Amino acid sequence: MPVVRIPTPLRPQAGGLDKIEAAGSTVGEVLADLGRQHPAIRERLFDGAEIRRFVNVYVNNEDVRFLDDLDTPVGEKDEVAIIPAVAGG
Amino acid sequence: MAAPASNAAAPDPLDRYSRQVRFPALGEDGQRALMNSRVTLCGCGALGTVLANHLARAGVGHLRIIDRDFIETHNLQRQILFDEQDVADNLPKAEAAARKLRKINSAIEIEAVVTDLDHSNAIDLMGDADLILDGTDNFETRYLINDAAVKLNKPWIYGGVIGSEGQTMTIVPGETPCLRCVIETAPPPGMTPTCETAGVLGPAVAVIASFEAVEAIKLLAGKKEALNRNLVMVDLWDWTFRQLKISGLLVKVDCPCCKHRKFDWLEGEAGSHTTTLCGRNAVQIASRRPEPLKFPDMAERLRPLGDVRHNAFMLRFATEGYEFTVFPDGRAIIKGTNDVAKAKTLYSQFVGA
Numbered sequence: 001m002p003v004v005r006i007p008t009p010l011r012p013q014a015g016g017l018d019k020i021e022a023a024g025s026t027v028g029e030v031l032a033d034l035g036r037q038h039p040a041i042r043e044r045l046f047d048g049a050e051i052r053r054f055v056n057v058y059v060n061n062e063d064v065r066f067l068d069d070l071d072t073p074v075g076e077k078d079e080v081a082i083i084p085a086v087a088g089g
Numbered sequence: 001m002a003a004p005a006s007n008a009a010a011p012d013p014l015d016r017y018s019r020q021v022r023f024p025a026l027g028e029d030g031q032r033a034l035m036n037s038r039v040t041l042c043g044c045g046a047l048g049t050v051l052a053n054h055l056a057r058a059g060v061g062h063l064r065i066i067d068r069d070f071i072e073t074h075n076l077q078r079q080i081l082f083d084e085q086d087v088a089d090n091l092p093k094a095e096a097a098a099r100k101l102r103k104i105n106s107a108i109e110i111e112a113v114v115t116d117l118d119h120s121n122a123i124d125l126m127g128d129a130d131l132i133l134d135g136t137d138n139f140e141t142r143y144l145i146n147d148a149a150v151k152l153n154k155p156w157i158y159g160g161v162i163g164s165e166g167q168t169m170t171i172v173p174g175e176t177p178c179l180r181c182v183i184e185t186a187p188p189p190g191m192t193p194t195c196e197t198a199g200v201l202g203p204a205v206a207v208i209a210s211f212e213a214v215e216a217i218k219l220l221a222g223k224k225e226a227l228n229r230n231l232v233m234v235d236l237w238d239w240t241f242r243q244l245k246i247s248g249l250l251v252k253v254d255c256p257c258c259k260h261r262k263f264d265w266l267e268g269e270a271g272s273h274t275t276t277l278c279g280r281n282a283v284q285i286a287s288r289r290p291e292p293l294k295f296p297d298m299a300e301r302l303r304p305l306g307d308v309r310h311n312a313f314m315l316r317f318a319t320e321g322y323e324f325t326v327f328p329d330g331r332a333i334i335k336g337t338n339d340v341a342k343a344k345t346l347y348s349q350f351v352g353a
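As given, the protein sequences belong to chains A and B, one line each in that order. Under my numbering, the first residue of the first sequence carries the number 1, and numbering increases by one thereafter. Under my numbering, the first residue of the second sequence carries the number 1, and numbering increases by one thereafter.
So here's chain A without its partners, still in its complex pose (with noise of 0.2 Å):
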């Protein structure tokens, strides 16, 4: 099942894990089956139907936007990486 890579900052929604196994063959699926597992992670991720455009999503390391947004396919060894944007400093 692919693996999706949950960042520090949304631990707290996931059950404190940084990683989590979700099921689905595209982007957009894999991410779905995440919020089923943890409803309270779904928020943080989508705006209605949509990607929360400061939160970037990853396939092997290439943004999604390059690809195919949450039509991306995703096989059963590929990592999903949620990634938001780093303010401080």
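These are calculated hints, taken from the structure and not from any lab test. All the pointers check out, no bait thrown in.
Think about it this way: if two alpha-carbon atoms lie no more than 25 Å apart in a straight line, the pair counts; the simulated PhoX-like pairs of lysine-lysine are:
id	chain 1	residue 1	chain 2	residue 2
1	A	Lys19	A	Lys77
2	B	Lys245	B	Lys218
3	B	Lys245	A	Lys19
4	B	Lys245	A	Lys77
5	B	Lys262	B	Lys252
6	B	Lys151	B	Lys224
Chain A regions said to be covered by chain B (calculated; three or more residues, Cβ under 8 Å):
id	segment
7	59 to 73
8	81 to 87
Computed from a predicted model, the values in this text were never measured in an experiment. Glycine included, every Cβ here is placed at the ideal spot set by N, Cα and C.
Got chain A sorted already, so can you dock chain B onto it with the hints?
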């Protein structure tokens, strides 16, 4: 007593940099280019002090350090150019950093600018730079830097840190995606942790700032081919290192900034400068007076109302549970409230409209 040898050869200005000149990828040509370069550093906190330290020691010819803030004891955990005496002396960060760096390298020019970088001064402060560096702690200023850098066609380097993790990317307008291509919009307040709410580790800051510094050295030394063009992410606590491929976004994203040359922050349409300072229970009041405030007169007027101290750079005034830090240009940081309206009232009450 022997007279100084008048026929001795002048020391080679490259000598002090010999250990990095011997690094083959930099070499003497790279060092000479560094010594002839100009950098504008925006923000001199955690990232900024590490950046300024690296670049001043490496011999960047002219370093302009911009910061709006003063030093507090809780900065010393990670802001490596400051010490307890600087806190006691109420020094602004830019000034304290410049003083320390001049002792480290007297062969370069260091300029301290104590101001709030905003749309009215960004082009002036960045226009003569070969490179702009991000040592800020907020996206409002980063989008402003991005606007100015794209408009001026100058490279800049983004860095951000929180907790034990950080990100950095180098932006070369026209060649790489810009900040708005990659991070289309800033997280709204409350949706993302800040250093005040989530904490930050000094080593994480030092790693990200060091990545920024090495990319800066490559750019300034004319070694652009060696640049890292990915978005780099590190988490020091769990030892993850990730390089995210973003170069494709340059053609893919219909970017308002670098494609349509719409500079929302530079044109003053986005961002506000009288603003709550996130997580600090403080509000910054924006002001730019034509004449500097006269601190001795002001102190005399305020003394019956509370505790007042001042030096050449700032006036500190505490009353009714609020603490005012006022700068000569009229800008003020008011601690003790997150309410902008309340802070504005306090400002006109005690500092004057």
